[in-house]
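Protein chains: 2
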Amino acid sequence: MKAGVLYSGGKDSSIIAVILKSLGYQVELVTVNFGFYPSWKAAAESSSKLGFKHRILKGEPDVLKDAVKTIINDGFPNNGINKVHTYALELIANDYSVVSDGTRRDDKVPKLDLNQIRSFEDRNGVEYINLGGLGHKSINHLSNALFHVKKELTSMENNSDYEIEIRFLISKLEGEELAFKIFPEHLQSRVIGWRENE
Amino acid sequence: MKAGVLYSGGKDSSIIAVILKSLGYQVELVTVNFGFYPSWKAAAESSSKLGFKHRILKGEPDVLKDAVKTIINDGFPNNGINKVHTYALELIANDYSVVSDGTRRDDKVPKLDLNQIRSFEDRNGVEYINLGGLGHKSINHLSNALFHVKKELTSMENNSDYEIEIRFLISKLEGEELAFKIFPEHLQSRVIGWRENE
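Chains as they are written, first to last, in UniProt numbering: chain E, 1 to 198; chain L, 1 to 198.
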């Protein structure tokens, strides 16, 4: 069965990809891009290093614009990020019968609650699988055991999270100061290969 | 890292065992028995067919007696089963740094909520991993793909869930009628080997 995994190049989405592959799914890693900035490149590189097929799905630019409006109004990213995440899952559900992402047990945003998951699965006729059975400690242990990981400050070039395109758009509309206030630079872990290849 | 998986011989606990093994954990399957009835035999057989090491951990008989009291008072099994389940996890946590069970996303009982998981992990210095990222549809697909499964009515001999010893004790204390009213016979799926060996 084909599984489409929403992929950023981070530990979480890399681990769920590994789990699904080991269970026998034909895994394809998918990064959704809205056409404002080519922020899929880091994810494509991580995917290639791990040997997975990687696809870029084009999202509707208005969806990102709407999310950016929400975020600017709110002054914080959670609701806007959840909107983009839900949209990305719906987009992947057009092409795959198993839709997956790296949401962990202790994640707060983006996250679907149980009712949202049931509705998403039923409306789209898909199965949704994430990392809801694992906490951050287990993810960190697994990531250290499985992957070669690079810790670095986020930049426009090394990160494929939604926040890159969102920050880009906020910068354009409202200036860099607000963009970096809402999405500060932070230390990220990016998967850049298998550990055994180090 | 060693992982102790609370094991019944059913689909769910078999799948989490397979996932953990594929991620590199040294998996041991553990069935807790309270000394009233040797209900671990079905689990031991399933484990052996899948090639996992299986252990029986002896639970404190009073814990099962207390749970049975709760269940008889309540007239339904949920609270008593949750007590036994929590106790079994604590018991396994003495021997393993990773403690696991087959609880799925859509399970209601037995289940730890997020706060109970945090408390369990912190008190015992362990990581807890379950199937919280998967729903019943995915579990059924995976089980069909991976395992040779036998569907049959539950009996005293083919089931290693807590309910066997609990039903045994309720029968002794209050008679078979109440025992089978609270825990009716039902169709169960027991893993009896790998699918490729069929």
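Rather than coming from a laboratory, the hints here were simulated on the basis of the structure. Keep in mind that the hints are not guaranteed to be accurate.
Residues of chain E clear of chain L, computed beta-carbon distances all greater than 12 Å [claimed, not checked]:
hint, residue
1, 70
2, 79
3, 83
4, 118
5, 168
6, 176
7, 177
8, 188
Subject to a maximum C-alpha distance of 25 Å in a straight line, what follows is the list of computed DSS-like cross-link-like pairs (lysine-lysine) [claimed, not checked]:
hint, chain 1, residue 1, chain 2, residue 2
9, L, 137, E, 111
10, L, 111, E, 137
11, L, 21, E, 2
12, L, 111, L, 58
13, L, 65, L, 49
14, E, 108, L, 108
15, E, 2, L, 137
A partial selection of chain E residues facing chain L, derived with a Cβ cut-off under 8 Å [as the list claims (entries may be wrong)]:
hint, residue
16, 1
17, 51
18, 61
19, 105
20, 125
21, 129
22, 131
23, 142
Only a predicted model underlies this, so the values are computations on that prediction, with no experimental measurement involved. Positions of the beta carbon are idealized from the N, C-alpha and C atoms, including for glycine.
Non-conforming hints, listed in increasing numerical order: 4, 13, 17, 18, 20
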